[in-house]
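Enquirer: The residues making up each chain are set out below.
Protein chains: 2
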Amino acid sequence: MAHITTSVEYGIHGLLWLVDNDGRALSSREIAELQGVSPSFLAKIFPKLEKAGIVMASEGVRGGYRLAMPANEISFLEIVDAIEGEKPLFDCQNVRERCALFSKGAPAWATDGHCAIHAVMLQAEKAMREALASHTLGDAFKRFSRKVPDSFNDELSRWLGERTASRTARVGKPARDAPT
Amino acid sequence: MAHITTSVEYGIHGLLWLVDNDGRALSSREIAELQGVSPSFLAKIFPKLEKAGIVMASEGVRGGYRLAMPANEISFLEIVDAIEGEKPLFDCQNVRERCALFSKGAPAWATDGHCAIHAVMLQAEKAMREALASHTLGDAFKRFSRKVPDSFNDELSRWLGERTASRTARVGKPARDAPT
Numbered sequence: 687m688a689h690i691t692t693s694v695e696y697g698i699h700g701l702l703w704l705v706d707n708d709g710r711a712l713s714s715r716e717i718a719e720l721q722g723v724s725p726s727f728l729a730k731i732f733p734k735l736e737k738a739g740i741v742m743a744s745e746g747v748r749g750g751y752r753l754a755m756p757a758n759e760i761s762f763l764e765i766v767d768a769i770e771g772e773k774p775l776f777d778c779q780n781v782r783e784r785c786a787l788f789s790k791g792a793p794a795w796a797t798d799g800h801c802a803i804h805a806v807m808l809q810a811e812k813a814m815r816e817a818l819a820s821h822t823l824g825d826a827f828k829r830f831s832r833k834v835p836d837s838f839n840d841e842l843s844r845w846l847g848e849r850t851a852s853r854t855a856r857v858g859k860p861a862r863d864a865p866t
Numbered sequence: 687m688a689h690i691t692t693s694v695e696y697g698i699h700g701l702l703w704l705v706d707n708d709g710r711a712l713s714s715r716e717i718a719e720l721q722g723v724s725p726s727f728l729a730k731i732f733p734k735l736e737k738a739g740i741v742m743a744s745e746g747v748r749g750g751y752r753l754a755m756p757a758n759e760i761s762f763l764e765i766v767d768a769i770e771g772e773k774p775l776f777d778c779q780n781v782r783e784r785c786a787l788f789s790k791g792a793p794a795w796a797t798d799g800h801c802a803i804h805a806v807m808l809q810a811e812k813a814m815r816e817a818l819a820s821h822t823l824g825d826a827f828k829r830f831s832r833k834v835p836d837s838f839n840d841e842l843s844r845w846l847g848e849r850t851a852s853r854t855a856r857v858g859k860p861a862r863d864a865p866t
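From first to last, the protein sequence lines stand for chains L and U. Per the numbering used here: the first sequence ends with 866, consecutive numbering throughout. Per the numbering used here: the second sequence ends with 866, consecutive numbering throughout.
Here chain L stands alone, though its shape is the one from the complex (with noise of 0.2 Å):
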């Protein structure tokens, strides 16, 4: 399995319905629908932006998620971060300690400080965050949008309305559509 996996890929693509959407907050279920994904599966992942800060949910016949800052203060390292959790690039094991000829156990010269194969490897990954943290969801929208035709937003409009439509007409079953 890749290091970053297909749930951070869910999530981007997810969250960047939420882009400079005119507020309009969506469930995961219409999330995962316009983005022809798993909905169970999204439905695991937007908690954890939630928890995140990255995005704010609402209930009610209008609610759902939207965006809880501007796209452009989201850096893929925070969505990343949020959706993996703790996840070293390397788990060092110490394996410097299990020297044969420490019989007596790793003496404080083997031990102290980083292993020098652990420091090489957290700089790795210090690499790998910096640059991570260096674009963020807004970066990836304005790329995204650069390439959209007209044609294209015409068509999401009027998706989104008639999911809103729904939405109204079942009055009385609110709950169903939001947040998730």
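Source of the hints: derived by calculation from the structure; they are not laboratory data. Among these hints, one or two may not hold up.
The list treats identical chains as interchangeable, and a pair is accepted whether it falls inside one copy or across any two copies.
[As the list claims (entries may be wrong)] Think about it this way: if two alpha-carbon atoms lie no more than 27 Å apart in a straight line, the pair counts; the simulated BS3-like pairs of lysine-lysine are:
#, residue 1, residue 2
1, Lys773, Lys828
2, Lys828, Lys737
3, Lys790, Lys812
4, Lys833, Lys812
5, Lys773, Lys812
6, Lys833, Lys790
7, Lys730, Lys773
8, Lys734, Lys790
9, Lys833, Lys737
10, Lys828, Lys790
11, Lys773, Lys737
12, Lys737, Lys812
13, Lys828, Lys734
On the provided structure of chain L, position chain U as indicated by the hints.
Expert: Same frame as chain L, now just chain U:
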């Protein structure tokens, strides 16, 4: 599981015993015993390092593994790639193709070039790989050996001497020790 696994940790620790050791060949069992790790696990790692041209194996009573090139020319990246094989940081599923609004299949504007999300992940992977490429086995050895007291080197020589004596004493059964 971390992206860079325990196999890499064992492999690099194992390789360190082959640096600056007067060209002595060590079997993977000897390396494993010296390092206090599973011999059967290490026996799966060293053939990968041999295939990648990082170590070379020889047979016979004094056979085993030696470095195939100077330690300063073996980068962490080469070792990681040799052991882990092709393993991307992020395995793009091309979710962008699945939008519900693409009823007639994804249009070219949506699928041309790298996905904006994948592009960021590739940059993060590149940064990680560059960091790994900028460190060598020789660097790690220097960092370890700076801390090693003379008494440890004496003990190591004695341990290796005993192993060599044990190999040569078993005349007629050299293949058992060499090379793995």
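Enquirer: Hint by hint, note whether the structure agrees.
Expert: A quick look at each hint next to the structure:
1. Lys773 / Lys828: Neither, since 29 Å and 29 Å both go past 27 Å.
2. Lys828 / Lys737: within (26 Å within a copy, 45 Å between copies)
3. Lys790 / Lys812: neither (35 Å within a copy, 43 Å between copies)
4. Lys833 / Lys812: For lysine 833 and lysine 812, only the inter-copy Cα distance (25 Å) is at most 27 Å; the intra-copy one is 32 Å.
5. Lys773 / Lys812: For lysine 773 and lysine 812, both the intra-copy (13 Å) and inter-copy (19 Å) Cα distances are at most 27 Å.
6. Lys833 / Lys790: The answer is between: 18 Å across copies meets 27 Å, while 65 Å in one copy does not.
7. Lys730 / Lys773: both (18 Å within a copy, 26 Å between copies)
8. Lys734 / Lys790: neither (46 Å within a copy, 33 Å between copies)
9. Lys833 / Lys737: Neither way: lysine 833 and lysine 737 sit 32 Å apart in one copy and 45 Å across, limit 27 Å.
10. Lys828 / Lys790: between (60 Å within a copy, 25 Å between copies)
11. Lys773 / Lys737: Only inside one copy: lysine 773 and lysine 737 sit 17 Å apart there, 30 Å across copies, limit 27 Å.
12. Lys737 / Lys812: Close inside one copy (24 Å), not across copies (30 Å); limit 27 Å.
13. Lys828 / Lys734: within (24 Å within a copy, 43 Å between copies)
Violated hints for the displayed structure, listed by number in ascending order: 1, 3, 8, 9.
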